[in-house]
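Undergrad: Sequence:
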Amino acid sequence: VGGAQNILIMGLDSRLDQHGQPLPEDIYDALHAGDETVGGYNANVLIVLHLPGGNGPVSAVSVPRDDYVDLPGCPSGVCKGKIKQAYGLAYQQSMDSLRDNIAQSSREQKAREAGRKAEIDTVRRLLGVPIDHFIEVTLGAFFQIARVVQPITVCLNNDTSDSYSGADFHRGVQQIDAAQAMAFVRQRRDENDQLVTDMDRTRRQQAFIVSLVTALRHGGSLASPSSLRNLLQVARQNIAVDDGFDLAGFVDHAASLADSSLTLY
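With my numbering applied, the sequence shown corresponds to residues 741 to 1005, in that order.
To be clear, the hints were calculated from the coordinates, so they are not data collected in a lab.
Please read these numbers as outputs of a predicted model, since none were measured by experiment.
Just so it is clear, CB atoms sit at the ideal spot from N, CA and C, and this is done for glycine as well.
Mixed in with the good hints, there may be bad ones.
As a list, the in silico DSS-like pairs of lysine-lysine whose alpha-carbon atoms are at most 30 Å apart [as the list claims (entries may be wrong)]: (1) K822 with K857; (2) K850 with K820; (3) K820 with K857; (4) K850 with K822.
DEER-style ranges, computed between Cβ atoms [to be verified]: (5) G780 with D982: 18 to 26 Å; (6) P797 with D983: 40 to 48 Å; (7) D982 with A843: 33 to 41 Å.
Could you put the whole structure together from the sequences, leaning on the hints where they help?
TA: What follows is the structure, given as structure tokens:
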């Protein structure tokens, strides 16, 4: 209503690029998350971003990846499952149905379209809200974007370390680079705190978003037009959006909303 829109941000577990091809070896080294043989097409990050039509508040709702839900269309014959599975199940069903004589790149894109549709339908049904656009980000894409906006300022309440994600941070305010940012948003274990869970990882993802917004508002790495153009160029090369989504307009709109309040749930 009035130009407001809901955008579903989907973060895939895939260690491949948008064409289903392996990433450069130096990126795998920095990701600390294995190579192309690890991961899949689960939507491990699901955030619904609401942008108002005017100057009202911006809000973002993180959907826990393990919410047990109805899966519309029963992809691959599965009618109930974790919300993150909708993408991968529909992807595999599409891949299995496509003939082998179709080019691999074409099969990959068709299967991803099926995965996106299934994930969007599942989130829409769970929340009961329209989804106007989507932004799909892989691990490699996140790293490429983080390299553009580094250093990133974060603040931790306590020392924390996790050999699984590569996280190793001290208490307090600090600036981290792209590789550390990847470890920061992936951490869901703490070798000194057995109570750390997936919900803590969700909070870290939200903290990263807050850091980007802060950089945009207060003269950080996103404050100059040239920095925004560079970010936009990298985003176009590494993320997927729907045909009707104006990525440049989204970046401009985000900049214009710099003084609006941001609430995360």
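Undergrad: It remains to establish, for every hint, whether it holds in the given structure.
TA: Cross-check of the supplied hints:
no.: 1; hint: K822 with K857; in the structure: holds (16 Å)
no.: 2; hint: K850 with K820; in the structure: holds (23 Å)
no.: 3; hint: K820 with K857; in the structure: holds (17 Å)
no.: 4; hint: K850 with K822; in the structure: holds (23 Å)
no.: 5; hint: G780 with D982: 18 to 26 Å; in the structure: holds (22 Å)
no.: 6; hint: P797 with D983: 40 to 48 Å; in the structure: violated (28 Å)
no.: 7; hint: D982 with A843: 33 to 41 Å; in the structure: violated (23 Å)
The structure shown violates the earlier hints numbered 6, 7.
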